[in-house]
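Asks: Listed here are the chains, written in short residue letters.
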Amino acid sequence: MSTYEFACQKDGATRCAQITQLIASNREVHDADNPLVVMHLDIIKAFCSVRRQAQFDVLAERASTSYDNRNVRDGDMIPCAPSLRK
Amino acid sequence: MQVHSLTLRFTDHRGQPPYLTCSKGGQQSDGFETVRFAVTIHPSTGRVFQRHPDCKGSAICNDIFVVAPLQEALTLVAELKLILKQDLDPDLDVPKFNCYVPGNHLDDDQARALFKDTLASRQSFSDLAAMDVGVYKGTTSCRCAYRR
Numbered sequence: 001m002s003t004y005e006f007a008c009q010k011d012g013a014t015r016c017a018q019i020t021q022l023i024a025s026n027r028e029v030h031d032a033d034n035p036l037v038v039m040h041l042d043i044i045k046a047f048c049s050v051r052r053q054a055q056f057d058v059l060a061e062r063a064s065t066s067y068d069n070r071n072v073r074d075g076d077m078i079p080c081a082p083s084l085r086k
Numbered sequence: 087m088q089v090h091s092l093t094l095r096f097t098d099h100r101g102q103p104p105y106l107t108c109s110k111g112g113q114q115s116d117g118f119e120t121v122r123f124a125v126t127i128h129p130s131t132g133r134v135f136q137r138h139p140d141c142k143g144s145a146i147c148n149d150i151f152v153v154a155p156l157q158e159a160l161t162l163v164a165e166l167k168l169i170l171k172q173d174l175d176p177d178l179d180v181p182k183f184n185c186y187v188p189g190n191h192l193d194d195d196q197a198r199a200l201f202k203d204t205l206a207s208r209q210s211f212s213d214l215a216a217m218d219v220g221v222y223k224g225t226t227s228c229r230c231a232y233r234r
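Respectively, the protein sequence lines represent chains W and U.
Residue numbers 1 to 86, in my numbering, belong to the letters of the first sequence in order.
Residue numbers 87 to 234, in my numbering, belong to the letters of the second sequence in order.
By construction, these hints were calculated from the structure, which means they are not laboratory data.
Virtual Cβ for every residue (Gly too), placed ideally from N, Cα, C.
Just to be clear, a hint being listed does not mean it is correct.
Said to hold, decoys possible - If you want the footprint, here are the derived chain U segments under chain W, 3+ residues with CB under 8 Å: (1) 99-107; (2) 173-180.
To be verified - When the alpha-carbon atoms are kept at most 20 Å apart in a straight line, the in silico EDC-like pairs for lysine to aspartate or glutamate are as follows: (3) U:Lys167 x U:Asp179; (4) W:Lys45 x U:Asp177; (5) U:Lys202 x W:Asp31; (6) U:Lys202 x U:Asp179; (7) U:Lys182 x U:Asp140; (8) U:Lys167 x U:Asp177; (9) W:Lys45 x U:Asp179; (10) U:Lys167 x U:Asp193; (11) W:Lys45 x U:Asp140; (12) W:Lys45 x U:Asp149; (13) U:Lys182 x W:Asp42.
Model the full assembly from the supplied sequences, consistent with the hints where possible.
Replies: Right, dumping it as structure tokens:
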């Protein structure tokens with residue numbers, strides 16, 4: 001999985017910026033018709049708009065409903081970082 | 087607390103204690119909300135990225151960065167917008183998306199035109215139509231397309 005989440009780390013914002021710049025600088029090939037870009041996404045009222053049940057499903061490591069366009073179904077395992085279960 | 091309305095009391099930079107009436111709980115100033123949000127959103131974003139091996143991503147709280155060729159990045163973002171809405175119910179603020187083109191191989195007009203053409207090239211990008219194009223020179227080596 002090529003994603004990195006830094007919210008749970010010390011000075012995560014700096015690490016995120018550094019990693020993003022590193023990934024972008026590692027791409028050597030630049031196609032003029034399809035250039036490499038860094039896209040920054042924003043979520044409206046993110047913290048208070050996300051469904052709470054999904055959080056419990058992650059901590060329980062099991063889906064209570066379907067996710068990902070039914071690629072994950074009720075009862076399927078969901079990966080959870082071991083540090084979150086301490 | 088997170089599913090109920092509440093009154094948040096905090097201390098501002100002048101040492102004053104303002105009160106903030108909240109309709110749904112969780113605020114960005116609450117440290118635990120950061121962890122809770124990351125835990126919740128990471129599996130959904132991870133599954134989408136897994137289907138797009140040409141794209142890499144990084145995130146801090148609700149700021150998500152996608153590093154990929156333009157067409158692949160737009161394809162992933164269009165899918166991510168859909169999946170996040172279905173799975174978790176947040177709305178992505180498309181007009182506030184930023185698209186940086188690192189390097190100096192495109193000038194501002196080329197970057198703007200290319201971005202506009204690429205957005206119009208596929209029906210699946212229609213959800214991102216609100217992402218109008220402009221150019222901002224944040225640094226000498228980076229160009230940015232965004233909604234004005």
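Asks: State for each hint whether it applies.
Replies: Hints versus structure:
1. For the region 99-107 of chain U, the proposed coverage by chain W is not satisfied: 0 residues have a C-beta within less than 8 Å of a C-beta in that chain, short of the threshold of three.
2. Only residues whose beta carbon comes within less than 8 Å of a beta carbon in chain W count, and the region 173-180 of chain U has 7; three or more means the coverage holds.
3. The straight-line distance between the Cα atoms of U:Lys167 and U:Asp179 is roughly 9 Å, inside the 20 Å bound, and the hint therefore holds.
4. For the given pair, W:Lys45 sits about 8 Å from U:Asp177 by alpha-carbon distance, which is consistent with the 20 Å threshold.
5. The suggested pairing of U:Lys202 with W:Asp31 holds, with an alpha-carbon distance near 17 Å, which does not exceed 20 Å.
6. Pair hint U:Lys202 plus U:Asp179 holds up; C-alpha atoms about 18 Å apart against a cutoff of 20 Å.
7. A distance of roughly 24 Å separates the Cα atoms of U:Lys182 and U:Asp140; the hinted pair therefore is violated under the 20 Å criterion.
8. Our distance criterion of 20 Å between C-alpha atoms is met by U:Lys167 and U:Asp177, whose separation comes to about 8 Å.
9. Our distance criterion of 20 Å between C-alpha atoms is met by W:Lys45 and U:Asp179, whose separation comes to about 9 Å.
10. A threshold of 20 Å between alpha carbons decides the hint, and for U:Lys167 with U:Asp193 the separation of about 29 Å lies outside it, so the pair is violated.
11. For the suggested pair W:Lys45 and U:Asp140, the alpha carbons sit about 29 Å apart, so the restraint of at most 20 Å is broken.
12. Distance check on the hinted pair: W:Lys45 and U:Asp149 sit about 12 Å apart at the alpha-carbon level, within 20 Å; holds.
13. A hinted pair counts as satisfied when its Cα atoms are at most 20 Å apart, and U:Lys182 with W:Asp42 qualifies at roughly 6 Å.
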